[in-house]
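Novice: Residue numbers (my numbering), protein chains in the order written: chain S, 1 to 189; chain C, 1 to 189.
All the pointers check out, no bait thrown in.
In silico DSSO-like pairs for lysine-lysine, Cα to Cα no more than 27 Å straight-line: (1) S:LYS132 - C:LYS30; (2) C:LYS185 - S:LYS47; (3) C:LYS30 - S:LYS47; (4) S:LYS9 - C:LYS30; (5) S:LYS47 - C:LYS19; (6) C:LYS47 - S:LYS9; (7) C:LYS47 - S:LYS185; (8) S:LYS9 - C:LYS19; (9) C:LYS165 - C:LYS185; (10) C:LYS9 - S:LYS47; (11) C:LYS9 - S:LYS30.
Simulated coverage check for chain S against chain C, where a stretch passes if three residues somewhere in it have a Cβ under 8 Å from a Cβ of chain C: (12) 46-55; (13) 72-86; (14) 103-114; (15) 175-183.
Bear in mind the hints are in silico, worked out from the structure with no lab data behind them. Glycine included, C-beta positions come from ideal geometry on N, C-alpha and C.
Protein chains: 2
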Amino acid sequence: MNTIPLGIKQSYCSQCSAKLIVATPSGDNKLRYVCSSCSTVFYENPKPVVGCVTEYADRILLCKRSIEPRLGYWTVPAGFMELGETLQQAAARETLEEACATVQLGSLLAIVDVPEAGQIHVFFRGILPDGKFAAGEESLDAALYAPEEIPWSDLAFRSVYIALKQYLAQKAAGTEWVHTDIAYKNRES
Amino acid sequence: MNTIPLGIKQSYCSQCSAKLIVATPSGDNKLRYVCSSCSTVFYENPKPVVGCVTEYADRILLCKRSIEPRLGYWTVPAGFMELGETLQQAAARETLEEACATVQLGSLLAIVDVPEAGQIHVFFRGILPDGKFAAGEESLDAALYAPEEIPWSDLAFRSVYIALKQYLAQKAAGTEWVHTDIAYKNRES
Numbered sequence: 001m002n003t004i005p006l007g008i009k010q011s012y013c014s015q016c017s018a019k020l021i022v023a024t025p026s027g028d029n030k031l032r033y034v035c036s037s038c039s040t041v042f043y044e045n046p047k048p049v050v051g052c053v054t055e056y057a058d059r060i061l062l063c064k065r066s067i068e069p070r071l072g073y074w075t076v077p078a079g080f081m082e083l084g085e086t087l088q089q090a091a092a093r094e095t096l097e098e099a100c101a102t103v104q105l106g107s108l109l110a111i112v113d114v115p116e117a118g119q120i121h122v123f124f125r126g127i128l129p130d131g132k133f134a135a136g137e138e139s140l141d142a143a144l145y146a147p148e149e150i151p152w153s154d155l156a157f158r159s160v161y162i163a164l165k166q167y168l169a170q171k172a173a174g175t176e177w178v179h180t181d182i183a184y185k186n187r188e189s
Numbered sequence: 001m002n003t004i005p006l007g008i009k010q011s012y013c014s015q016c017s018a019k020l021i022v023a024t025p026s027g028d029n030k031l032r033y034v035c036s037s038c039s040t041v042f043y044e045n046p047k048p049v050v051g052c053v054t055e056y057a058d059r060i061l062l063c064k065r066s067i068e069p070r071l072g073y074w075t076v077p078a079g080f081m082e083l084g085e086t087l088q089q090a091a092a093r094e095t096l097e098e099a100c101a102t103v104q105l106g107s108l109l110a111i112v113d114v115p116e117a118g119q120i121h122v123f124f125r126g127i128l129p130d131g132k133f134a135a136g137e138e139s140l141d142a143a144l145y146a147p148e149e150i151p152w153s154d155l156a157f158r159s160v161y162i163a164l165k166q167y168l169a170q171k172a173a174g175t176e177w178v179h180t181d182i183a184y185k186n187r188e189s
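Isolated chain S, as found in the complex (with noise of 0.2 Å):
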């Protein structure tokens, strides 16, 4: 049984800066955070985060992280969704940010739910019509990379690889679903 709540520590309240006491409010059944003084009660729920899996000429397209967390290890263009965005149009500009990449975004390939880091990983199919690429601010390189060369034991998160996995796969299969999976920390399945 936890004795705080899920997520953040968070000490003062945001709208008047009292003392935020933990509770379970009123037709809830969960503990959140509350404010002493005007009972403002501050949600907190696990976050989207969009990427794609882009091809240029049979090859896909990887960014190697600049920043932490995973610093120099390899990803597809992915990141937090922002508010007032669509899930495509989240993928299209963290496509634009971390590879200076303007991709045609496909179908939807994945959604990975990573419960310990509180997300939600959703995976497009895209392209790269005019094969134009860089690394951008947060990425160290970018690079195409043909199926058989991806650095599969330098990728930087679980639910990147079951992307790159399932993308190949129904490649590989000839048609195309959505895939649905948990990516847990530590573990292999």
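Following the hints, position chain C against chain S.
Specialist: Chain C in isolation, oriented as in the chain S frame:
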């Protein structure tokens, strides 16, 4: 051009109680609330809402909302995903809370962006093995509706309309896929 971040207005730092300022952090390109004292940056991201279209004896389980927004309108069981749970766990929990029903979840049905609400709505298919349900605390009523009886003009949310239409269309087609869509406020499409 926005002059404050999208989302909920925040005035004080949850970590140290100092006043927040609006600024674009180094390496970022969007306005955020940033602490004037400890420099903590506060991000707000879209929230996942998860539910399911649950069937029993060729009828679909709907709940009449007892809370705002859309009090008195019908919905499939759905609600905000909590930290630490998977999408499927969230859908099952919401069905238990709102319809007192133990759902057996099936495959992913639809993902609907709701950018103006800062939400993504995720729907699964489900069946009710024992046919048991009742109105939960957040419901005025719960009922099984035959497809031709669904109260289309009294549904709570556009995304619920999309999910129910997709469910019936895919059932009529005899095949399943994952529908992706965008729900805008006050628009027909």
